[in-house]
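Student: All chains, full assembly: derive it from the sequences and hints.
Chains as they are written, first to last, in the working numbering: chain A, 1 to 293; chain B, 1 to 309; chain C, 1 to 411.
Just so you know, the hints here were simulated from the structure itself, not pulled from any lab data. It is possible that part of the hints are untrue.
What the hints assert, rightly or not - Capping the alpha-carbon separation at 20 Å, the derived lysine to aspartate or glutamate pairs in DMTMM-like fashion look like this:
1. Lys-121/A <-> Asp-58/A
2. Lys-302/B <-> Glu-186/B
3. Lys-27/B <-> Asp-105/C
4. Lys-56/A <-> Glu-273/C
5. Lys-121/A <-> Asp-105/C
6. Lys-256/C <-> Glu-2/A
As the list claims (entries may be wrong) - Not everything, but these chain A residues come out facing chain C in the computed CB check (under 7 Å):
7. Leu-3
8. Ser-90
9. Gly-215
10. Ala-263
11. Thr-266
12. Asn-267
Here a beta-carbon is modelled for each residue, glycine too, at the ideal position from N, C-alpha and C.
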Amino acid sequence: MELFFYALISGVLFGIFFALVGIGLNLIFGVMRMVNLAHGDFIMLGAFGAWLIFNKLDINPLWSIPIEIVVFMIVGFFVYYAFVPRLSKSKDPEMLSFILFFGVAQVIEALAIFAFGNNQKSIPFSTLGQGSVTILSQPIPFAWLISAIISLIIIGFIYYYLYHTRMGYATRAIMSSQEEAASVGISVSKISAFAMGIGLSLAALAGVLAPFMIGSIDPSIGSSLTTMSFAIVVIGSLGNPIGTILGGIIYGIAMMFMQTYLASWTNLVPYVILILILLVKPAGLLGKKVRNA
Amino acid sequence: MHKKNIRLINGILLIVVTIVLFAILPKIYNNNYLLFNLMLYIALSEGLNLIYGFTGYLPFGYVGFFGTGAYSASLLILLLHVGVIPAILLGGVAASVVGIILTPLLRLSGAYFAIANLAASQAIYYIISNPHLENITQGPYGIMLSSVYNAAASYNAMLLVLFFALVLVLFFRQSRFGLSLLSIKEDSITASVAGVNVVLARTIAWLLSAFVAGLCGGVFAWYTSVFYPETVFSLNISIFAIVFVLFGGASTLIGPLVGTVILYGMYNFIGISTPQYFQLIYGILIILLVLFLPDGVISLFKKVRKYVP
Amino acid sequence: MRWFKNVTLVLLAFVVGIILLPFQAKAAAPKQILIGTLYASSGPFATSSTSQYHGLEFWANQVNKQGGVYVAAFKKKIPVKLIAYDDQSSTTLAATLYNQLITRDKVNLLVADFGSVLTSVAVPIAQEHKILLFDPTGTSAKFFSPKNPYLVLTSLPTSGVWPTVLADFLITHKINKVAVIYSANDFNQSQAETLKAKLEAAKIKPVYYHAVPTDTSNYTVLIRTIQATHPEALIEFGYPPNDIAFLQNLQASGAKFNMVFTIFPGQQLALIEKNVGTKALEYTYTYPTPPLLVYNKVNYGMPMSEFEKIYTQETKRPVDFLTVAGYNAGLIIEKTLSTSKEFNQLAFRNAINSFSGKIFTLNGLFKINNEGAQIGEFLPVGQFQPTKTGLALHVVYPMNIATGKPIYPAP
Chain A
1 MELFFYALIS GVLFGIFFAL VGIGLNLIFG VMRMVNLAHG DFIMLGAFGA
51 WLIFNKLDIN PLWSIPIEIV VFMIVGFFVY YAFVPRLSKS KDPEMLSFIL
101 FFGVAQVIEA LAIFAFGNNQ KSIPFSTLGQ GSVTILSQPI PFAWLISAII
151 SLIIIGFIYY YLYHTRMGYA TRAIMSSQEE AASVGISVSK ISAFAMGIGL
201 SLAALAGVLA PFMIGSIDPS IGSSLTTMSF AIVVIGSLGN PIGTILGGII
251 YGIAMMFMQT YLASWTNLVP YVILILILLV KPAGLLGKKV RNA
Chain B
1 MHKKNIRLIN GILLIVVTIV LFAILPKIYN NNYLLFNLML YIALSEGLNL
51 IYGFTGYLPF GYVGFFGTGA YSASLLILLL HVGVIPAILL GGVAASVVGI
101 ILTPLLRLSG AYFAIANLAA SQAIYYIISN PHLENITQGP YGIMLSSVYN
151 AAASYNAMLL VLFFALVLVL FFRQSRFGLS LLSIKEDSIT ASVAGVNVVL
201 ARTIAWLLSA FVAGLCGGVF AWYTSVFYPE TVFSLNISIF AIVFVLFGGA
251 STLIGPLVGT VILYGMYNFI GISTPQYFQL IYGILIILLV LFLPDGVISL
301 FKKVRKYVP
Chain C
1 MRWFKNVTLV LLAFVVGIIL LPFQAKAAAP KQILIGTLYA SSGPFATSST
51 SQYHGLEFWA NQVNKQGGVY VAAFKKKIPV KLIAYDDQSS TTLAATLYNQ
101 LITRDKVNLL VADFGSVLTS VAVPIAQEHK ILLFDPTGTS AKFFSPKNPY
151 LVLTSLPTSG VWPTVLADFL ITHKINKVAV IYSANDFNQS QAETLKAKLE
201 AAKIKPVYYH AVPTDTSNYT VLIRTIQATH PEALIEFGYP PNDIAFLQNL
251 QASGAKFNMV FTIFPGQQLA LIEKNVGTKA LEYTYTYPTP PLLVYNKVNY
301 GMPMSEFEKI YTQETKRPVD FLTVAGYNAG LIIEKTLSTS KEFNQLAFRN
351 AINSFSGKIF TLNGLFKINN EGAQIGEFLP VGQFQPTKTG LALHVVYPMN
401 IATGKPIYPA P
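Tutor: Right, here's the structure in full:
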């Protein structure tokens with residue numbers, strides 16, 4: 001029974017973190033209908049940013065959060081204006097974005113290997129607080145709790161942005177229907193660029209927490225993080241950023257239970273869930289219709 | 001009719017020249033592995049073309065069919081002692097069976113389909129490589145097929161599979177069936193109103209595409225004779241095929257061929273002399289391609305001559 | 001008449017010379033001995049592969065400094081040239097490149113890249129082209145068979161054999177509750193299976209025995225699950241990323257076991273220590289390998305102390321096990337060339353058979369069986385014990401080469 005509770009609690013904590021991992025991808029897709037296949041690599045960059053700050057400046061890696069928000073907002077603007085207007089005019093922007101961002105992922109990974117080399121890098125858990133805290137009589141690493149709390153706060157900000165600010169309303173309008181939003185006078189490109197910046201920043205912030213939740217980092221973790229993000233987003237619903245929380249928690253709990261009881265099948269979990277959801281309720285557990293024919 | 005015959009002859013000529021080239025080259029140029037891989041990727045790209053070029057669905061997990069074919073053929077040879085050629089053919093069939101199981105995915109649109117297909121191929125990979133199934137699939141230990149190793153025969157088998165794939169694409173290109181597929185790609189509702197059986201046509205293209213990949217997998221297993229699960233389920237295989245098709249130009253016969261020869265040739269050349277820059281160059285190339293030449297290199301030729309084979 | 005005799009004699013000599021010419025041409029020595037190999041500059045095998053390559057490269061440089069390697073078939077020293085390509089940890093690229101080394105570059109000798117995965121594609125290629133493959137660290141047992149003479153494992157025993165001493169250690173120290181967790185791939189699974197078989201033969205059934213995916217990077221939940229079975233010893237078989245994650249999570253979770261065993265701290269201590277910290281390694285067990293394990297009986301090539309000194313001086317890089325493995329492969333090549341009376345691949349293999357069991361290098365005794373697999377070097381059990389100056393790795397089993405006593409249970 002103990003193991004059950006341990007799996008449950010860690011599942012929820014990891015789930016909140018996973019929600020942060022997926023929410024950036026979901027936002028970008030919802031607003032621009034573009035699939036950011038480089039999402040995992042942006043997470044990787046965020047993780048390396050935190051490692052750099054910890055290693056070279058010798059301060060707590062959490063300080064990288066504000067720095068990375070600024071950096072990746074700027075990067076997001078660049079990425080938007082460089083790619084999206086051109087892509088939107090083409091015949092099949094969704095599919096082409098898939099491939100474009102794959103190219104971006106390769107470039108990012110190659111540059112990261114040049115900059116950081118191939119070896120694993122780690123940040124000790126102690127920077128987020130020593131030892132463990134007891135929840136429901138289970139010893140949980142303190143670092144997990146902190147990561148989950150930070151993730152929750154960040155997601156909270158996004159919720160506030162989307163539902164309680166003018167720009168957020170505009171963003172949701174664009175997510176609902178781009179043409180209608182434009183006809184009402186919303187500056188689609190400015191808001192979308194902003195959304196791109198937010199999306200990439202969210203990925204980077206997930207990256208800051210990644211060394212504590214996922215383990216040591218190296219430039220090649222990008223692609224598996226991307227596939228994981230897809231699973232999370234699809235489970236919740238593609239296009240509904242808040243639904244990602246549900247997706248994250250389901251994913252987290254499933255992973256932890258698998259690891260506890262059927263360890264060698266752990267990798268299968270995200271994909272089976274993803275396929276089942278896409279076949280049974282393709283809009284995701286919280287989404288609207290996306291069936292084709 | 002006259003125009004159509006000329007186009008047909010152009011296509012046939014292209015296929016014949018390609019096959020003859022690959023048949024003769026081993027005598028002159030010694031690196032058989034490179035030639036084999038080139039043929040493999042041309043065949044895979046054309047197989048992918050069948051579904052992406054003609055129906056617009058992008059199977060991001062195309063490698064799943066490839067791996068299924070490789071494993072089915074290998075296990076038939078190792079465990080049931082089936083002959084090599086029947087085993088490879090059955091490998092192709094096995095891939096089609098997986099395709100049948102995955103047909104519900106065709107209901108999904110664009111990005112969803114791609115992701116679901118990716119998930120399916122990863123799922124197959126994890127199932128096959130799991131230690132619990134080791135007694136059947138050899139699990140993480142991989143496959144050793146050295147008992148049936150035959151470099152020359154397996155090279156020729158690849159030649160045949162390549163021929164088959166090229167002929168299929170030519171057929172799609174020339175026939176009414178192919179035309180109906182293109183109409184579905186443009187606008188499926190109008191096509192069905194015009195009398196095209198959308199679901200059936202798409203399914204046929206899908207299964208044929210899977211069959212080609214399965215055959216490729218089987219022949220690859222024969223030629224390489226030693227491989228781990230990661231080798232035949234590697235996402236890189238899907239991605240290469242997709243990029244080659246895009247670069248060359250989808251829904252044509254010559255597009256994927258040109259795309260593969262140029263890009264895979266580049267991969268071998270740059271990859272060997274300056275490997276550290278390879279990934280960077282490849283990535284930049286893909287970005288430029290999508291931004292400036294989304295219809296592939298062949299689209300440049302289309303501006304000069306309206307039709308390419 | 002005399003000039004007639006002279007002319008005939010000269011003509012005869014001329015004719016004989018022409019007839020013998022092809023035989024002489026056959027015996028003409030190459031200007032350079034071409035040694036082909038691959039390395040991975042990126043991807044999961046990069047760290048280990050580049051280390052191994054640098055070891056081989058160092059050997060080639062040292063040998064050329066002395067005018068080349070002595071080739072018995074031509075009775076003279078010939079310089080060696082390494083031709084190496086980057087396979088980026090990809091098996092398909094590796095296959096093409098191995099093929100290219102043989103067919104285009106026409107190398108005289110072939111050395112495999114690091115590890116079973118990148119060696120696996122070389123085995124059938126070498127066999128098909130009938131060229132001897134020197135395999136430093138590709139330890140999968142399935143590569144080796146009596147029917148294939150074109151494969152020799154130079155620097156490690158096959159992975160299935162690795163845990164034999166570890167099993168003995170557990171049995172003789174009466175450690176009855178053992179948990180085994182291993183990542184699901186050839187290298188680690190073969191070790192786990194051997195360990196389990198040996199333990200069960202001594203009537204010890206593991207209390208926990210599970211595979212996890214190779215890319216597992218978080219062991220916390222797994223450690224918790226293992227704790228619930230109350231084992232005395234926890235054995236983790238994985239690749240360096242697994243070991244790093246496992247040791248980090250173990251330390252963070254605060255879980256205590258009497259004995260913890262991982263593989264790669266014994267081979268790549270610097271990398272592991274940098275990531276997990278010294279404290280996490282204290283009192284853990286591993287397979288000590290050179291340079292952490294010093295063989296004193298060396299009758300060929302540099303002994304460890306000299307090698308470490310000169311290598312770090314010349315290349316400014318630290319020595320780890322893979323460096324030693326690469327250098328050792330070079331030594332075996334050197335011995336082969338200086339022993340083999342003929343310059344062809346099967347003669348090379350016969351030469352190796354002849355000196356197998358007689359060569360002691362810094363990597364231990366070089367001895368192969370009839371399949372080409374290593375049976376000389378074996379892996380003992382060692383423990384990291386803290387000292388005032390850091391960690392010291394003591395060999396604790398078997399007793400005849402032990403340099404310290406095990407501190408069991410771990411404090």
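Student: Hint by hint, say whether it matches the structure.
Tutor: Each hint tested on the structure:
| no. | hint | result |
| --- | --- | --- |
| 1 | Lys-121/A <-> Asp-58/A | holds, 15 Å |
| 2 | Lys-302/B <-> Glu-186/B | holds, 19 Å |
| 3 | Lys-27/B <-> Asp-105/C | holds, 17 Å |
| 4 | Lys-56/A <-> Glu-273/C | holds, 19 Å |
| 5 | Lys-121/A <-> Asp-105/C | violated, 38 Å |
| 6 | Lys-256/C <-> Glu-2/A | holds, 18 Å |
| 7 | Leu-3 | holds, 6 Å |
| 8 | Ser-90 | violated, 32 Å |
| 9 | Gly-215 | holds, 4 Å |
| 10 | Ala-263 | holds, 5 Å |
| 11 | Thr-266 | holds, 6 Å |
| 12 | Asn-267 | holds, 4 Å |
Comparing the model with each earlier hint shows violations of hints 5, 8; every other hint is respected.
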